[in-house]
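Go ahead and model the full structure; you've got the sequences and the hints to work with.
Protein sequences, first through last, are from chains A, B and C. Per this note's numbering, the first sequence starts with residue 23, numbered consecutively. Per this note's numbering, the second sequence starts with residue 51, numbered consecutively. Per this note's numbering, the third sequence starts with residue 9, numbered consecutively.
Hints are computed from structural coordinates only; laboratory data are not their basis. Even for Gly, the Cβ is constructed at its ideal location relative to N, Cα and C. A hint or two may mislead.
[Unchecked claim] Here's a subset of chain A near chain C, in silico, CB distances under 8 angstroms, partners left out:
hint, residue
1, Ser175
2, Met176
3, Trp180
4, Phe189
5, Ile295
6, Val300
7, Thr310
8, Pro317
9, Leu325
10, Ser330
11, Asn337
12, Leu339
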Amino acid sequence: MLTTRQPETRGRARFILRKVLGSVLTLAFVLVFNFFLFRIVQNDPIGSLFRGRNVPQATVENLRIAFGLDQPLWAQFVYYIRETFQLNFGISYQSRQPVWSEITSALPATVALVGVSAILSAVIGTVGGVIAAWRRNSWKDHTITSGTMVFYSMPDFWLGMLLLVLFAVVLGWFPVGGITDAGTTETGMALLLDQIHHMFLPALTLTLAYLGEYALVTRSSLLDVMGEDYLIVARAKGLRDSVVRRKHAVPNALLPVVTLTAINLGFVLSGAIAVEAVFSWPGLGKATADAIRGPDLPMLQGLFLVFSAAVIVFNLLADLAYAWLDPRVEGA
Amino acid sequence: MTEPILSLRDVSITYNTGSGSVPAVRGVSFDLARGGSLGLAGESGCGKSTLANSLLRLLPAGTDVTGEILIDGQDLLSLSPGGLRAVRWTTGAIIFQGALHALNPVQTVGRQVTEPMLVHSTVASESDAKRRSRELFEKVGLPVDRVDAYPHQLSGGQRQRVLIAMALACDPQLLIADEPTTALDLMVQAQVLSLIDELKKESSLSLIFITHDLSVLTYVCERLAIMYAGRIVEQGLSVDVFGKPSHPYTQALAAAFPIIGDTSSRMAPSGLPGDPPTPGNLPAGCPFHPRCPLAEERCTEAEPALRAIDPAREAACVVI
Amino acid sequence: MTSLANKRRRETVARAWKQFRSSRPGMIGLSVLVLFVLLALAAPFIVDLDELNPVMARAAGNPQWGSPSEFWPLGTDHLRRSVWAQFVWGSRVSLFVGLAATVLTILIGSVVGVVSGFFGGKADAILMRLTEWFLVIPFLPLAIVLASILGRNVWNIIFVIGVTSWPSTARLVRAQVLTVKQRLFVDRSRSLGAGGVHLVGRHILPNVSGLILANATLAVPISILTETTLSFLGLGDVSSASWGKTLEEAFVNGAMIRNAWWYFLPAGLGILIVVLAFTLIGRTLEEVTDPRLGQGR
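What follows is the structure, given as structure tokens:
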């Protein structure tokens, strides 16, 4: 009677394929969108580069040709697609370096900061949500719900500013910015510790800011589950309260939280733009903030693509993770 | 004479909700002999499910339960949390209704059947538990390979059988079946009923069967108790209570549910006018009198107590 | 016929208001919001616009980076301007942009949702694809890109926020329209020969409006916070300073290093309180319009 398995596996493979194709399509849309957004609205990127500066017309013309801007639109589009696939996103106006190398050098700092914050806020927020739901309407519930709502309602970078002033300027416990002390020659473990020291305040800021969403979603998901009959059945079987919660309630409640976590990880890269600016954290966020002040359009265009790609990839992973965890999703 | 497996004395259950207290059960008493079977029937809201849940103390926190409930000689209401957990499922087990919601959707059904065995250590090891769960599946007529299936992969009838297998997991002495056939279609209902009947005979289980469908009860239960507005209004042998009902409410109920498969009793159900009273808002005197065809003036004076009509029968009515 | 429908509508509103009034968080939120709106509207009467002018501030002999004890009530900034004046005038811009952007979001979202849900078929498929795509694109980077390209003024910011936030409203409205469409009275009305517009106006909209209102109230915080972030990053309107702009100026001019907390604390606090107020109101409205949610959550 093992034949019942096979249609399920086939259905599952079809599901995965469908989701992947969907993501690829969305990515394609983003690429096209990215191109037209910058080309159509901004008519003269070279001109704006030298706005107000006295540059000979010949130089401007040469640059125009070099950037392929004398070609008709469709040719530019093809060129853009080809270059994008070769990871050639152009040259940054501000640094004159390739956009891709700027992005790759800024990427690790952001991944470290936001990755740590995302994990911390997911864990703490989820635990808080479970407590709040299980002890509904108690003082614990009210504190957790109100507290997280307050943090969720403030601009995250403002919270960063407050923490910075209190802990770095007034108390001096932490540095005021950057990833390492300027001019440091430390290596290895000492360097790592220094970096962690610098990361503490921005990570704290982001963790507090993201907590609320996890707590709220977990709480409401668990409350939904708590109304279910199978929990009464579990108690009827003679299980302890804590076991009922751990083995029956929480696993069901966590399904939407897992999806939320995966999706949030996608927004990880772009979620810390203002906070990185406040703490001068040398990641993609700060790169974006700096690019805005130009405006360094090639950088903005490249960053936008990277941010969007991250979201698309993690949304796909979220869908797949949910399908894997919830046996009810057959992928039909 | 051995003591009854279950003994209730003047049990009253009041819910304490935000909008006031709701007396769902008011002064119920009965005994269930070992190996005996009792059916509890009544319309929704009469308190039968509340009573069933109280037998394993599964009511929401803050509910008041007064009176005495003795299960296998133990005083249920004064058990410690540990003692209560030990009694649950080993002495008495419930077969719930609405099987899709009674099963955890992210666990296999086999896992849910073995769980109480492991919790109460009624088996020596996990592999023993798995073996026993396969035996139970066979016993209830489920294909053994369905042990690794998830609830949503089974049909309604199969899920109900899983609940029965699950209830039998720790070899309880008392089975409480709370509307186990209500959500099923007629064919499956008949199958589940005969299964419960067989199991009862095989292992001399004591059975309490709760339903709103009278015809079902006569098949499986030797004794019958009819509930209305939180009290028992008639009780006796099921052939008597159903065949020759005394209380006017029982008469109306019996007329409404023809016996499955019995062509002679397939008459049009006669509807009772009105609705059952809401628990907090009972009429004066006999709570049935507004809908009763035999109601008289004296029915509004006081609530009738159960009195013997026949040697083996009691009814709560002053008119009959 | 219409007067009966109107009467019924008035009764529904009256009942909803009564239920709203009984909710303490809802009323607290509403009172706080009213307070801030009054503050914003009364700005010209409370604070002279001249106080925001650096030249006038210097002429008045204000201290630079004066703390609240030196210059009541909230101190001064690097240009010797009163922080209190900036707070009061900033409330106007923040509230205005927040509300206007939300109106745009709700407008686009509702139109898309109603058209999609009501007409179904091809239109639905296309619009839903579009919505999904927009939901996937990270919201802040898109806003940044658009704002960078379009230029820094209030109307562009409103446009940018509106155009990036409509998808979730559209989804919600569409779901509700589909639910309403299921209900019998729409079919009955159709059998009486009613046309599409009539159906939408008379039947669909009244049933969806409660949900839209609740959603709108919860969307305002997002608009305000987005405007704040965009202004902080330098994309805000230079001439009309919102609270976000105040935070930007504080940051850029080193208020943090100097521990001039009075410069950036009020603006952020203002945002926090206003956002909380809208959230409380929005949650209460949700309970009022959807009876299922009101059950002891």
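Taking the hints in turn, this is what the structure says about them:
1. Ser175: Hint on Ser175 (chain A): holds, closest Cβ of chain C at ~4 angstroms, below 8 angstroms.
2. Met176: Given a least distance of 4 angstroms, the restraint on Met176 (chain A) holds.
3. Trp180: For Trp180 (chain A), the interface hint holds, since the closest Cβ of chain C sits about 4 angstroms away, which is under 8 angstroms.
4. Phe189: For Phe189 (chain A), the interface hint is violated, since the closest Cβ of chain C sits about 11 angstroms away, which is over 8 angstroms.
5. Ile295: At about 6 angstroms, which falls below the 8 angstroms cut-off, the nearest Cβ of chain C leaves the hint on Ile295 (chain A) intact, so it holds.
6. Val300: Result: holds, 7 angstroms to nearest chain C Cβ.
7. Thr310: Holds. Min distance 7 angstroms.
8. Pro317: 5 angstroms, holds
9. Leu325: OK, holds: Leu325 (chain A) within 8 angstroms of chain C, min 7 angstroms.
10. Ser330: Cβ of Ser330 (chain A) sits 5 angstroms from chain C, so the hint holds.
11. Asn337: 6 angstroms, holds
12. Leu339: Check failed: Cβ of Leu339 (chain A) comes no nearer than 13 angstroms to chain C, outside 8 angstroms.
The structure does not agree with the numbered hints 4, 12 stated previously, though it agrees with the rest.
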